[in-house]
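Since the structure of chain X is already known, use the hints to place chain R on it.
If you read the sequences in order, they're chains X and R. Quick note: the first sequence, position 103, residue 485 per our numbering, numbers continuous. Quick note: the second sequence, position 9, residue 819 per our numbering, numbers continuous.
Source of the hints: derived by calculation from the structure; they are not laboratory data. We put the beta carbon where it would ideally sit given N, CA and C, even for glycine. It is possible that part of the hints are untrue.
Here's a subset of chain X near chain R, in silico, CB distances under 8 Å, partners left out [unchecked claim]:
no., residue
1, Tyr442
2, Glu444
3, Gln448
4, His470
5, Val502
6, Ile505
7, Asn507
8, Trp512
9, Gly513
10, Trp524
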Amino acid sequence: MSHKPKNIFVSGAVSPALIADSIQKHSTKTDIGGHSIFLGQVRADEKNGGMVQAIEYTAYEEMAVQKAFEIREEIFVKYQLTCLHIHHSLGEVKAGEVCLFVFTSSPHRKAAIDACAELVERIKNELPIWGREIISAEKYEWKENK
Amino acid sequence: MQQSAETKDIKIIAFGIIAEKIGGRELVCNGISDTGALRQWLANKYPGLNGLKFSIAVNRKLVHENCTFDNESEIALLPPFSGG
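The following block holds chain X by itself, in its conformation from the complex (with noise of 0.2 Å):
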């Protein structure tokens, strides 16, 4: 477990390459017993003038990873977990792609599934981070997190 902030952004999508290495990763850990993976995606929502095409994601970066390294220090102590990923899209990302992926592990279940559940909700709530639809060449809409 690491004491220094580390930065959960990523440049674009979160590839599916990225999450199934993340996976791989994990099988030298033997003492996890459940994992839980939570996978955001851009959804093409119709909106007033066309179909959402893609997210475009800017972020107070410095206060964003501050917020998220605090976060995760408080769920460390709130549950058994033996570690905890999270990694947030910059940048454009289509619909259809991932923009979050927030991955935790314990040696039982219920800890990695509750944690993980906790996390999206505090990530979604309380990091300074902000999506742009965009509709067309000419349209986007500012998000609002539901």
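Coordinates of chain R only, in the frame set by chain X:
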């Protein structure tokens, strides 16, 4: 001679729709030393912000009450978050 805090330029960074409405990611103000006064100054200078919700972070921490700052502080204007 050293400038007093009141006359030093303070750099402010803006994000998302707030950056769009003020026409850039950075702006400079002068003679303002708390977040309440900053909100007032922004409302007067940028009518486009009217009706838009935003939070203010001082040194990368959200502030919920009026908070003082100086020209060494990192001030940021943050519209509602929409990550994930």
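Here is how each hint holds up against the structure:
Taking 8 Å as the C-beta contact cut-off toward chain R, the hint placing X/Tyr442 at the interface holds, the least distance being around 6 Å. Hint status for X/Glu444 relative to chain R: holds, with the closest Cβ pair at about 6 Å, below 8 Å. Because the beta carbon of X/Gln448 sits about 6 Å from the nearest beta carbon in chain R, less than 8 Å, this interface hint is met. The closest approach between the C-beta of X/His470 and any C-beta of chain R is roughly 6 Å, which is under the 8 Å cut-off, so the hint is satisfied.
For X/Val502, the interface hint holds, since its Cβ comes within 8 Å of a Cβ in chain R; the closest pair sits about 7 Å apart. The criterion of a C-beta within 8 Å of any C-beta in chain R is met by X/Ile505, whose closest approach is roughly 6 Å, and the hint holds. Interface hint status for X/Asn507: upheld, as the beta-carbon distance to the closest one in chain R is roughly 7 Å, under 8 Å. Here the hint on X/Trp512 is kept, as its CB sits about 4 Å from the closest CB of chain R, short of 8 Å.
With its C-beta approaching chain R no nearer than about 5 Å, X/Gly513 sits inside the 8 Å limit, and its interface hint holds. This hint holds: X/Trp524 has a C-beta 5 Å from the nearest C-beta of chain R, less than the 8 Å allowed.
Every hint from the earlier list agrees with this structure, and none is contradicted.
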